[in-house]
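Peer 1: Since each chain sits alone in its own frame, please combine them into the complex, following the hints.
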Amino acid sequence: MAKAGFDFEELLARVENDRELLRDLLLVFKEEFPLHHEALREAVTRGDAKRVAEEAHSLKGMLSNLSAHESAKAAARLELLARSGESSDFGQLFAEFDRVTSGLLPELEFCLVEESR
Amino acid sequence: MRILIADDEAMSRRLLQKTLERVGYDVIAVEDGRRAADELCKPEGPKLALLDWVMPELDGPGVCREVRKRKEQSYVYMLLLTAKESKEDVVAGLESGADDYLTKPFDPEELKARLRTGIRILDLEDRLIEARENMRFQATHDALTSLWNRGVILELLERELTRSHREGKSTALLLADLDHFKQVNDTYGHLAGDEVLKETARRLLSSVRSYDFVGRYGGEEFLVVLNNCDPAFSLTRAEEIRKAIARQPVPTSGGAIPATMSIGLLISQEWGYRPMEELLHEADSALYAAKGAGRNCVKVARPKGPVKDCNFTEADAIRLRR
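Chains as they are written, first to last, in my numbering: chain A, 1 to 117; chain B, 1 to 322.
In short, the hints are calculated from the structure, not lab data.
For every residue, glycine included, the Cβ atom is placed at its ideal position computed from N, Cα and C.
Where hints are given, some of them may not hold.
Said to hold, decoys possible - Per the computed footprint, the stretches of chain A lying under chain B, defined by three or more beta-carbons under 8 Å from a beta-carbon of chain B, are: (1) 13 to 27; (2) 55 to 61; (3) 65 to 73.
Claimed, not checked - Anything over 10 Å on all C-beta distances counts as not near chain B; from chain A, calculated: (4) GLY47; (5) ALA49; (6) ALA76; (7) GLU96; (8) GLY103; (9) VAL113.
With the rest of the complex left out, here is chain B (with noise of 0.2 Å):
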């Protein structure tokens, strides 16, 4: 564990750093406040720090005003070193922000002690971050392949289409259906289906950029979202998804499965600003194209007549979005 020793008197400071090396911390030691509230401001900077109360540039509860400004970056678990004992200062102390105190001359064992009480504190923090993380992926990615789910993955497709619109470029939208999954289901049963389905959205991952997107839009159907893809490209990039799809069989628990997808492809710029859901809609009949076409294939997408902006505007977007 690293630690930040603050204290402009060498003794301090000495005395606090080889007492604290003994028990295993990492420790930091500097002078003056104004290098201790430098190094734990830093995003990757120690999370546990002794203050002395009096120093120079910068005393030990401006040291922790400082810190505790920082709003989005770990907590800081910050112990004042203090002779002064009353009650006031006391209570100014833990007002700037510290977590506790401990008057000196200290006791080692008093001390280490309490550095164990920031250590549980600094613990459960990380505790907590790590399950709201969990949530945060929960919420946004399909549990079984871990792609973007169903809501994620059209946001990201709504920002893209805006995005390439008003920067002139092309957005390729790719809606991929597994072939005949309702057989392999049935065939091989569904433990079988699910490690098609995660082997497909491996696959898919692994042949786009990774700056695309693939998100898995319903049960075997896939929404793959190419940004700034040229558009005399985007075709070979679809085939190139089809083909890494059906290159082998996927190995699973009930033998290997060959999989394959039928692909319908939509380039932005051939379709000017629309809605998003007009655009997935004609996607969708593309994908019902290659699927009367005999499947793993790919069928893009053109609109009729020449290509010009409707009526609809980002301002519009925004309003539907809301």
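Isolated chain A (complex conformation) (with noise of 0.2 Å):
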């Protein structure tokens, strides 16, 4: 199993063991986060606070559920940046959080893969 951006051994705790639902989980983030992540970047480049801190924080829920601690922290900042109604720091924590996630698509294309052989 590659070295992810999530915490695989936390991952298989939380599912008890259970591959099928890890993989059931692993199809909703690949479908999910994709759609979210991009309502996340409009409500940035259009200043919206309230959908910025709607979306980052249903991200920071797929995230930690994920154990992929460090993405889920940085969507954390959104969320508690953009309910604090300030909205000047969102260019510069999205990209932050662009950056921690950027890696974590492919890594789960991998896992997927590993865990349908």
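Peer 2: Right, here's the structure in full:
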């Protein structure tokens, strides 16, 4: 298994070693993450703090469930900032979020292939 | 055990659902707080709920507040799932009516343990309700026959007399007494006597309609209230009840015991509106007449002279009840 931006051991414990469920979750993430990511990008561009908070919250939940801790923290920072009503640093925090999550999908793809063997 | 999961995030929902189904929960999963509140407020809705804090339509604490507004329905044990960890958030969640909270991402063992706590509380509530219902039954029913007790059957009679007068209908009142019951006790013993009383109660109940009332008035005396009973058929109904008792001897541990009843019948419409006590006295006189006529028969209490209402009114009846 490749070293991923998420804690695979913790994730496996969370699904109680249910490989089928693990695969299900990875597939859901693969489908949902790009949609929320794109929605977050648009909200950041518009400076829409309410929407940034909602999308960052959803992403934080997904990434936490996946034990992608660094990525979840980056989403949490964006959510916190948006809920404070401050939008000046959206761009910087979103860039940071982009950076830590950029490797996730390829890593998950690899995991899916590994799991299907 | 049925449990409701409310989470707008698909991965969380899937994870929770599978984790709980694996240990035998029957899971209902919804995507927003509005649907969660609707499900939980149904009379037969789930009694255990896992609610995400942040959700569209209605958030987790909002669901808790809505569910707690209901007063009469069963308790719902609600656990909030939250990424919020500050003391203020926790206090706000619990103040909204949540029983417990769990921070996300959850640990499966901790989740299951906390739900078991909820189930213990729900079990306790079930036992308390059962105890309350038993006490309620004991307070309103006769311990031997399970018929309405004297206090309740009199209340029901008074209510029906008032209602039938108001609606221009008639109530038939039957005071029924087992014949020679003292001899039954003396000959066969009190245990067999009790069995005769229980069987008599059963036969009385099976010979009236579901909306009539049967109560134990005293030792071997029963009061039957036939609601909205056509005066022309009241005597026939009373005769049917008498025959239902006399038809077959009662099988008891002391052998088969013949049982008959004498019945005093009063048809309320023939008497106008009078105090219940007066009507009961008249029915008792008719019962006495039935005993005097050889027992195992029905005698009807008839008013002397033309029927007219006395000055007694519904307001008087209400005053008397107080």
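Peer 1: If you test the structure against every hint from before, which numbers come out violated?
Peer 2: Structure breaks hint 6 only.
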